[in-house]
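Undergrad: Listed below are the residues making up each chain.
There are 2 protein chains.
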Amino acid sequence: MKLRTCPRLQPLKESIRFLTRKPAQFSDGSRICKRTFAGHTTAQQACDALVYNRHGHYDDVLQLEKVLLPPVGDEDLRIKMLAAPVNPADINMLQGTYAILPPFPAVGGNEGLGEVLEVGSKVCDAKPGDWVIPVDAGFGTWRMEVVCKATDVIPVAKDIPLLSAATLGVNPCTAYRMLKDFGNLKPGDTVIQNGANSAVGQAVIQIAAGMGLSTINIIRDRPNLKELKDKLKSLGASLVITEEALQKPEVTNLFKDIRRPKLALNCVGGHSAGNLLAHMEYGSTMVTYGGMAKKPVPVPAKALIFKDINVCGFWMTQWKRNNMHDLSEIKAMVAELAEMVRRGQLSVPTCTQVPFPDYKVALDATTRAYSSKHVLMME
Amino acid sequence: MKLRTCPRLQPLKESIRFLTRKPAQFSDGSRICKRTFAGHTTAQQACDALVYNRHGHYDDVLQLEKVLLPPVGDEDLRIKMLAAPVNPADINMLQGTYAILPPFPAVGGNEGLGEVLEVGSKVCDAKPGDWVIPVDAGFGTWRMEVVCKATDVIPVAKDIPLLSAATLGVNPCTAYRMLKDFGNLKPGDTVIQNGANSAVGQAVIQIAAGMGLSTINIIRDRPNLKELKDKLKSLGASLVITEEALQKPEVTNLFKDIRRPKLALNCVGGHSAGNLLAHMEYGSTMVTYGGMAKKPVPVPAKALIFKDINVCGFWMTQWKRNNMHDLSEIKAMVAELAEMVRRGQLSVPTCTQVPFPDYKVALDATTRAYSSKHVLMME
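The listed protein sequences correspond, in order, to chains G and S. Letter by letter, the first sequence follows residues 37 to 415 of our numbering. Letter by letter, the second sequence follows residues 37 to 415 of our numbering.
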């Protein structure tokens, strides 16, 4: 695994808890005001940030604090954060259960949109007013401002909706890569997915439709089922069916009108993943990118041996790190997704906007089932 | 999937039960004497064979009968069977639960060694006295003689023990392909496997040792544990441990002296497969080639997403069929394995030899746990 060497935003490491660090200094050089610089803050130097110094429930460990920003170096940018989603991975990171964990003190949030305020003298590919999003996880987006290396962010077009830009870098990228890199898909092929109403699921439906693929979309039963089915169909879903309906014998009739899936996308695990496997084509691939049910994927030996099904995983963070030596592929993917938004092929995600100081509302909602995506708005 | 077109030995097909055939004629053209040719049999024309006409328990469906052989055509061979193993897959085929099933009436047995008796006028790469083994599954090896296309068999060296030659075409080939084709293994790498005392497991230990690989071999606890450990170590096993010991915390000490496995070979499934996954290296591969526990492989989402583990299957029959258009690779593999036998790097498997008429003894034993491999001996 190739990790960046970056003096400000240190690369995250597994078992990062074993690192010894000065407790009140952030990896980007910013410091908590009230502890070390109380009375010295100015408008330029300080900003609000959601800070945590230990792992646990966010109610216990996350606090809104003033932190001092370091000076802007030659290769740096100063960025005003505009919006930052709250994702389940952010909550897991606070709890200390995610695969990578930042050193303490840490700022919460991995995803978000910022506007460039100030540009270091040696930075030639950014200017004040540009929109940017973080390249890597662990950026700490839940803050009003940040100073970082110019290479820690990539540009995103300003002529798309702010909420699209703020949520482009993780979920649509995950959908895009899984559809492009697995299953060797051609127009007319079929993709099956569970958790089809998730942010990734909705992006899969839309990007797949643009690629000429059929999608079979599995959702949980719920009171407003017809409304959700209609919504997903309006995004381009070929079929939307519940987990329960997928297990009925008559479901085999589906495959009279639509090819068996060459690719299955699983973010649930347990029985739900097993149900996907039962319908897949010979020689197909199941990609797991989440485990909402917190149960393993049960893979029958016969599916592996006689149906030659391949079971693997995808993690956007790792893909980005594998491509960190040359940002052109990441930039091209984000530019292509922005173009899809511009053409109306990738809709603005359904988000609940929450003012930054009301962050607890967003965190509470993110831990609830059937909740929409919540985004912290900094202005 | 490419299937051979062969007028005598028809390619097996999934759901072959739906094929309509004349009931008393075999796919190789031989016929059951007692039904159609009673009184016409001669030494040349007829032989004993273990025949079944429907699926079920072998006690109910398998019978020793006389069948008539067809004449030897220009491209054919007449072969005297010398020995034929009884494998679990043969039992599943009789039961009708295997992935491929021959048309009725069928002769049991997929693996075995034959000696060429008679050669068709257009066959130039075989002569009487040669030893041959079937290329494809479904050959029907549980019989005294057979007439087949010359391309339905490949040669095997006569200077290795008869039992090695009779058991070379399935289990050692499976071990060989899994070690060569998965995990991109280099000398010094580690392979972990369960069912390490199986015929495939023993071949894995020996072939891996020849490739400079370490092996961690998982077996079930049993009364004669030390004896079995010593035997597997004498074959070249680096470590032999029980399923129970693998789950103890102190097992992590193993990985101070030996690298974490890049490849896991699973023929059990269920918890046993899960235990293998827990110890694998980042980016490693688990290949499933059996499912003795009859339980799915439970794959945690974290193993797929954060450890980038790939879970797939291997089926020797399918590999052979994929390579049927050009037999050179199959022939080369068998020749290389025979050379390992000759050099003492691949031992004669522990087999119980059973006279052909006592076939029920061998079938009973094959369905029992902890039983050795049983081989029907035709002479």
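Just so you know, the hints here were simulated from the structure itself, not pulled from any lab data. In this text, all values refer to a predicted model and were calculated from it rather than measured experimentally. Wrong hints could be hidden among the right ones.
Since the list gives no way to pick one copy over another, a pair counts as held whenever it fits inside one copy or between any two copies.
[Said to hold, decoys possible] Derived DSSO-like pairs: lysine-lysine, alpha-carbon spacing no greater than 27 Å straight-line:
| id | residue 1 | residue 2 |
| --- | --- | --- |
| 1 | K338 | K409 |
| 2 | K330 | K343 |
| 3 | K158 | K331 |
| 4 | K292 | K343 |
| 5 | K158 | K222 |
| 6 | K158 | K267 |
| 7 | K116 | K216 |
| 8 | K185 | K265 |
| 9 | K102 | K185 |
| 10 | K284 | K331 |
Undergrad: State for each hint whether it applies.
TA: Status of the hints after comparison with the structure:
In the homo-oligomer, the alpha carbons of K338 and K409 lie at most 27 Å apart only across protomers (23 Å), although the nearest pairing inside one protomer, at 38 Å, exceeds that limit. For the identical chains of this complex, K330 and K343 are neighbours both inside a copy (26 Å) and across copies (16 Å), given an alpha-carbon limit of 27 Å. With identical chains, the CA atoms of K158 and K331 are never at most 27 Å apart, being 49 Å at best within one copy and 60 Å at best between copies. Proximity of K292 and K343 under a CA criterion of 27 Å is satisfied intra-copy only: 20 Å inside one chain copy versus 38 Å between copies.
In this assembly of identical chains, the alpha carbons of K158 and K222 never lie at most 27 Å apart, being 44 Å within a copy and 45 Å across copies at closest. In this assembly of identical chains, the alpha carbons of K158 and K267 never lie at most 27 Å apart, being 47 Å within a copy and 68 Å across copies at closest. For the homomeric pair K116 and K216, neither the shortest alpha-carbon distance inside one copy (33 Å) nor that between copies (54 Å) is at most 27 Å. Taking the shortest alpha-carbon separations for K185 and K265, neither the intra-copy value of 44 Å nor the inter-copy value of 57 Å comes in at or below 27 Å.
With identical chains, the CA atoms of K102 and K185 are at most 27 Å apart within one copy only, with a shortest distance of 21 Å there and 84 Å across copies. Proximity of K284 to K331 under the C-alpha cut-off of 27 Å is found in both arrangements, the shortest distances being 22 Å within a copy and 22 Å between copies.
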